[in-house]
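Student: Could you fit the two chains together into a complex? Lean on the hints.
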Amino acid sequence: MIDAREHFQKELQKLNDLILKMGGMVEKSIFRSVEALKKNNPKLAKEVIDEDETIDRIELEVDDLCLELLATQQPMAIDLRFITTGMRIGSDLERIGDLAVDIAQRAEELAKLPLLKPLEDIPKMAELAEQMVHKALDSFVKRDATLARTLWTDETKADSYRNLVSDELTDIMTKDPVTTPRALPLILIARHLERISDHATNIAEDVVYMVEGKVIKHGPK
Amino acid sequence: MNIIETNKLNLWYGAFQALINVNLNVAQNKITALIGPSGCGKSTLLRVFNRMNDLIEGVRIEGSVKLNGQETLGAETDLIELRKRVGLVFQRPNPFPLSIFENVVYGLRIHGIRNKRALEAAAEKALASVLLFDELKDDLGMNALHLSLEQQQRLCIARLLAVTPEIVLMDEPCSALDPLATMRIEELMIELKKHYSIVIVTHNMQQAARISDDCGYMLLGELVEFAGTKQIFTAPRDKRTEDYITGRFG
Numbered sequence: 001m002i003d004a005r006e007h008f009q010k011e012l013q014k015l016n017d018l019i020l021k022m023g024g025m026v027e028k029s030i031f032r033s034v035e036a037l038k039k040n041n042p043k044l045a046k047e048v049i050d051e052d053e054t055i056d057r058i059e060l061e062v063d064d065l066c067l068e069l070l071a072t073q074q075p076m077a078i079d080l081r082f083i084t085t086g087m088r089i090g091s092d093l094e095r096i097g098d099l100a101v102d103i104a105q106r107a108e109e110l111a112k113l114p115l116l117k118p119l120e121d122i123p124k125m126a127e128l129a130e131q132m133v134h135k136a137l138d139s140f141v142k143r144d145a146t147l148a149r150t151l152w153t154d155e156t157k158a159d160s161y162r163n164l165v166s167d168e169l170t171d172i173m174t175k176d177p178v179t180t181p182r183a184l185p186l187i188l189i190a191r192h193l194e195r196i197s198d199h200a201t202n203i204a205e206d207v208v209y210m211v212e213g214k215v216i217k218h219g220p221k
Numbered sequence: 222m223n224i225i226e227t228n229k230l231n232l233w234y235g236a237f238q239a240l241i242n243v244n245l246n247v248a249q250n251k252i253t254a255l256i257g258p259s260g261c262g263k264s265t266l267l268r269v270f271n272r273m274n275d276l277i278e279g280v281r282i283e284g285s286v287k288l289n290g291q292e293t294l295g296a297e298t299d300l301i302e303l304r305k306r307v308g309l310v311f312q313r314p315n316p317f318p319l320s321i322f323e324n325v326v327y328g329l330r331i332h333g334i335r336n337k338r339a340l341e342a343a344a345e346k347a348l349a350s351v352l353l354f355d356e357l358k359d360d361l362g363m364n365a366l367h368l369s370l371e372q373q374q375r376l377c378i379a380r381l382l383a384v385t386p387e388i389v390l391m392d393e394p395c396s397a398l399d400p401l402a403t404m405r406i407e408e409l410m411i412e413l414k415k416h417y418s419i420v421i422v423t424h425n426m427q428q429a430a431r432i433s434d435d436c437g438y439m440l441l442g443e444l445v446e447f448a449g450t451k452q453i454f455t456a457p458r459d460k461r462t463e464d465y466i467t468g469r470f471g
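Those protein sequence lines, which keep their order, are chains U and L.
Heads up: the first sequence runs through residues 1 to 221, numbered per the working numbering.
Heads up: the second sequence runs through residues 222 to 471, numbered per the working numbering.
So here's chain L without its partners, still in its complex pose (with noise of 0.2 Å):
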């Protein structure tokens, strides 16, 4: 089943076209991957699935996302709902000047939840999710800002979880970690996937090989290539993905 399907997508920035008739579809409980090289539309493209690109001035989008059936392109979408459905990770992690638990809180605050217990019971799911409740369970009050990077990418993603999204969007979530520690974030990402739907972009062609279970390649707007993650690294069907991906691009 798919989570979010795309139909003869555009995208324009002004006169410029980022994404060309991109049909691409999400699948259930799977990390999809995005590979390609800079200003290929990944990321545009991944900002389209929460509508961030409205804050974009001069953009204009033509063709269909759906998002579990239901369109998210029309003006009536309740974007605040639509963030809330669908999380974004972002390259460095951006905590909350505020502590580990308020920071874990913060969409559930935003929703209205004011039960203390609901909170806390929340909190503690979303920790748990990604392995640092046991962690740091006895110093929720501390500043998130004093957790190392990866605790804080860590606590990024249980801040979303936390508000329970359909799908779980990642835009070069390792990108400031060190190796150790992106390969546990790609472990977390694993983990999660039995319960959320994921889709990453990254530029590190072997992230997306090591975790994706299916794999698209962009190039100057156009989704080239989608297949599953083993048939893209082994036998890719189109010329210019092979090309990307053995490094004789460009």
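Bound-form chain U, shown alone (with noise of 0.2 Å):
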């Protein structure tokens, strides 16, 4: 006997396929514009900010196959959360991915420029964020909302991690003005750095609804 609706189930695999390599993707280019940023490397940079075609392209499949699904198929229940939850996921790795870019264009500027100070606290926090996306994912993958739960601690590190390179650099720029072309680009990339994290915690959120059911934005988690 034949599963009742196989060809649907092979189509949500084919969703779960299609997020996961849009994640891997994303999670390649944070780590390859802070790369950038650490070793002064602008080719390295051109390469994200030239891939974050594909990673559009991705993104259009996944709404395309969203919509298509669930116009025609029906879902009921968790295959209806999974779809709705997939789109949502899909839009925010793109925006993940172009933070990325912003981050590798911020490297590219500061390439032509001497090195203000060692990199301390923005590849930490470039290593968190990098692990907050990748979490996240594997939350959605195993559809497991207490793994995606760790993520609200994790956003809280993010946020102190960006107070603290703003202020210092912010101290940098007052006391000395000519240092600014190369303080401001750095304190942007924490704010992107910070925009990503957020971006994952909306993933988490999203997986919290897909498990659970439950609609836990904007309000006591």
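In short, the hints are calculated from the structure, not lab data.
Check before you lean on any hint, since a few could be wrong.
Here are some, though not all, of the chain U residues that point toward chain L, as calculated from beta-carbon distances under 8 Å [what the hints assert, rightly or not]: (1) ALA4; (2) ARG5; (3) HIS7; (4) THR72; (5) GLN74; (6) ILE78.
Dumping the calculated EDC-like pairs for lysine to aspartate or glutamate here, alpha-carbon to alpha-carbon at most 16 Å [claimed, not checked]: (7) U/LYS214 x U/ASP144; (8) L/LYS414 x U/GLU6; (9) L/LYS451 x U/ASP64; (10) L/LYS451 x U/GLU68.
Computed from a predicted structure; not experimentally measured.
Backbone N, C-alpha and C define an ideal beta-carbon position, used for all residues, glycine too.
Tutor: Below, the structure written as structure tokens:
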């Protein structure tokens, strides 16, 4: 006897795989954009910028597939939550890809200037952001709401890092305004990384909704 | 590649025109669904493909219907041969009051096949195609009327697959079945399209959305819109199609 909706299940698996492929590419972009900054490598930065087109294309594929499944397959319950979550995750991942491009562009600008100071907190922040994206996607794959919830603590950490970097660099610029062209891009990078963490948190919130059917946005978690 | 192509197809029942200038292409190894309100002409169109309308008095047909490039509307068409090439599955399963085996090989016997081995091999193949063989291989002598409705419908599909049609037409094939049996028949159709081309007429718009690759919307005898199913259900081009699929019609 065949499964009643084997074909539909295969389509859902296809959506799952597309999202994971996109997630893998986005994680790589974050890593490489910060590597470009750390190693003063504008060529690597350019690669991140160029590869964003592929991420954008996969987002359209995800959207297209979700729309088709919603329109034609009458998904219910977990399937419905999976597809709507998939659509939102696609959009969050695309934004994360754009933020990696923003970081890469700052890295290109900074490559032309002497280093302001050795990078300390930004690489740590980048590692945290990457981990958060990875964990959010992992919780999606494993349908693990408990794992998703660990991102709330990470998000607070990311906010603290951003404040730390921002305060330190503002201080440097105030004391010596000539440093502004070298300090300001770093403040922006900290801001981009913090935004990446926010998007990872959005994904985690969506995963909790997908698994438990509970909306936890804009309220106590 | 198209398995069926109609060109300026018009059909009248007496003075009433039931099909108006229908131009439809049915693609090979795809499921093509025809949807539309009752009386829109979708079953009539389906029955043109195997010339079942010829049985109705006062029918007049103009235009062209080609099956694999060959005109089927002419007087010279061998109707028995045509109905072998174009199989039809009905709304209610209609097994003959014979054994399961005899049901499956019925068409083959009519077409003159007598060899026991050949009949057994064909029956096994046809029953396996509808995923009934493993279930029923020890009961092939049982009267087919003792099967569940879903099994009966599968058997009827096997019966027509046994004569290796070029295309399978289905007229509301799930309307007598419960939702789970319906979904299983739908899965079967998706499996079958690997080897067959299927045209399904259905009142169940959701069913058309779930299983078809191409979809046509018919209204008052006209094929209003024909496109990929995804297009029809996400962004139909004709306002009348949109009104129908969003429930704003009538």
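Student: Please go over all the hints and tell whether each is borne out by the structure.
Tutor: How the hints compare with the structure:
1. ALA4: holds (4 Å)
2. ARG5: For U/ARG5, the interface hint holds, since the closest Cβ of chain L sits about 6 Å away, which is under 8 Å.
3. HIS7: holds (5 Å)
4. THR72: With a closest approach of 4 Å, the U/THR72 hint holds.
5. GLN74: holds (5 Å)
6. ILE78: With a closest approach of 17 Å, the U/ILE78 hint is violated.
7. U/LYS214 x U/ASP144: holds (13 Å)
8. L/LYS414 x U/GLU6: Holds, at about 15 Å.
9. L/LYS451 x U/ASP64: The hint holds at about 10 Å.
10. L/LYS451 x U/GLU68: holds (6 Å)
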